[in-house]
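These are the residues of each chain, in order.
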Amino acid sequence: MSITDRVIAIIAEQAVLEPSDVTPESTLEDLGIDSLGLVESIFAIEEEFDISVPFNANEPEASDFDISNVAAIITGIEKLVSEKV
Amino acid sequence: MKRVVITGAGTINSLGHSVPDTFEAMREGRCGISELEFRDVERLSIQIGGQVRGFEAEGRFNRQQMSLYDRFTQFTLTAAKEAIDQSGIEFHGELAARSGVVLGTAGGGVSTWDDNYRSVYEDGKNRVHPFVVPKLMNNAAASHVSMEHNLKGPSFTVSTACASSNHAMALAFQMVRSGAAPAMLTGGSESMLCFGGVKAWEGLRVMSKDACRPFSANRNGMVQGEGAGIFVFEEYDRARARGADILCEVVGFAMSSDATDIVMPSKQGAARAMSGALADARLDADQVGYINAHGTGTAANDKTECAAVADVFGPHADDLMISSTKSMHGHLIGGTGAVELLACIMALRDGVIAPTIGYEEPDPECALDVVPNDAREAKVAVALSNAFAFGGLNAVLALKKV
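Chains as they are written, first to last, in numbering that gives the first Met the number 0: chain C, 0 to 84; chain H, 0 to 401.
Treat the hints as calculated values from the structure; they're not laboratory data. Note that beta-carbon positions come from the ideal geometry of N, C-alpha and C, so glycine has one too. Please note that a few of the clues may not be correct.
To be verified - From the derived model, a few chain H residues whose C-beta atoms are all more than 12 Å from chain C:
| no. | residue |
| --- | --- |
| 1 | Gly202 |
| 2 | Val205 |
| 3 | Arg237 |
| 4 | Ala240 |
| 5 | Val262 |
Stated by the list, open to error - Subject to a maximum C-alpha distance of 25 Å in a straight line, what follows is the list of computed DSS-like cross-link-like pairs (lysine-lysine):
| no. | chain 1 | residue 1 | chain 2 | residue 2 |
| --- | --- | --- | --- | --- |
| 6 | H | Lys198 | H | Lys208 |
| 7 | C | Lys83 | H | Lys400 |
| 8 | H | Lys399 | C | Lys83 |
| 9 | H | Lys378 | H | Lys400 |
| 10 | C | Lys78 | H | Lys208 |
| 11 | H | Lys1 | H | Lys208 |
| 12 | H | Lys124 | H | Lys151 |
| 13 | H | Lys124 | H | Lys80 |
| 14 | H | Lys1 | H | Lys302 |
Unchecked claim - Footprint (simulated), chain H over chain C, 3 or more residues, beta carbon under 8 Å:
| no. | segment |
| --- | --- |
| 15 | 32-40 |
| 16 | 51-57 |
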């Protein structure tokens, strides 16, 4: 599975949706994922890819990690995975 | 109904090992938060906290006691001794039979759990010390205070996360006010600054890596602390009759439940607790001069708390002072309300308002007088102490100058 498919699978599971219902343009809000759901999704992504995602729930905009939609999240993960030693 | 006064106070926290030291640090706006020191700290992404320094159990407690006292119990006993010594109260006869201990803690003996899990899981040992259970249980501290000071009345421990101490003190207040007990030892303690204790909090992603800056627009989360605050709550006439030094009066309390979310705070729940405490104390909102805020330094708490204060106090919200001393001693979780009650006592008794340190940028969503960075002299007749816990459980105490 590609990174995109794996991230979408995680987000879909969190949103209790089919992966086909999660598009790159979807925002977390569209998918009904709240702040707790986001923190859980990030945890699942970190476990899946063995990476650390720089995300502080107090300042989601301030971190380098863009969560504005699914495509942005996937881009961020791809970057972190490629930087992995 | 009896009047209830505080005749003794004791503490140990990252600002000091006694009430006078803590008051001095609060007056000076000193920060007790620094780099954490304990085993495996390098594996944490959060490495700061309000850790108690220079507190050696050796010498303070004997070998048998050490095998039974987790750090949260050690803190409790140290603070309880200071409170009782200051109060001058002696528990014997009828007074001892009817007085008890109600304390708050969220985690109890967290480092005892941590050390022993490490021993059996990581080190592969198959045997633990026989006193692991009596050492880690949440009521251990309350029980040891009862034994040490001969308190034979109602004693138990309350665990409501970050509101534990306030719930405990509210119950002790009720017992003395109703006449069920002539005096109560109350307050709370926490000692979660160990690898497992911090790792668990890290997971929530609400912790700051650099500082606790409540109400400041650039705040980025909470910082854990540790320690204890213990008080002697005593019936007023009794305290007067024995010539006790009265620190302040406890005049009311309220508890409320948000009944909404397990971690996100609710403005309505917080507001109901504050207005309930005023109603219980038969006070008008405009009599309140100071609020010791819950003020965790998270995005969610601080704006919700300020909105709740604005709702309850209306235009008077702009006249009162509200500060968060967590900026100095960190968030003591279940013990936090007890240490923060000291700031209310200092305001009422000494006319010194503890500041919110680390304040750098105004936040339009927290547009109250948060006593930024420097302590202030002011006459205050009534103070509130707020605690709003995960789980949506709130407890607010109202105190009055005597």
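Now the hints, each set against the structure:
1. Gly202: It is violated; H:Gly202 is separated from chain C by about 7 Å at its closest Cβ, not greater than 12 Å.
2. Val205: The claim breaks: H:Val205 does not keep its Cβ more than 12 Å from every Cβ of chain C (closest is about 5 Å).
3. Arg237: Holds, since 47 Å exceeds 12 Å.
4. Ala240: holds (51 Å)
5. Val262: Given that some Cβ of chain C is not farther than 12 Å from that of H:Val262, nearest at about 7 Å, it is violated.
6. H:Lys198 with H:Lys208: Holds, because 13 Å separates the two Cα atoms, which is no more than 25 Å.
7. C:Lys83 with H:Lys400: violated (60 Å)
8. H:Lys399 with C:Lys83: violated (58 Å)
9. H:Lys378 with H:Lys400: holds (10 Å)
10. C:Lys78 with H:Lys208: Holds, at about 23 Å.
11. H:Lys1 with H:Lys208: violated (46 Å)
12. H:Lys124 with H:Lys151: violated (39 Å)
13. H:Lys124 with H:Lys80: Violated - the C-alpha atoms of H:Lys80 and H:Lys124 are around 37 Å apart, more than 25 Å.
14. H:Lys1 with H:Lys302: violated (37 Å)
15. 32-40: holds (count 3)
16. 51-57: Holds: 5 residues of the segment 51-57 of chain C have a Cβ under 8 Å from chain H.
Hints 1, 2, 5, 7, 8, 11, 12, 13 and 14 from the earlier list are contradicted by this structure; the remaining hints agree with it.
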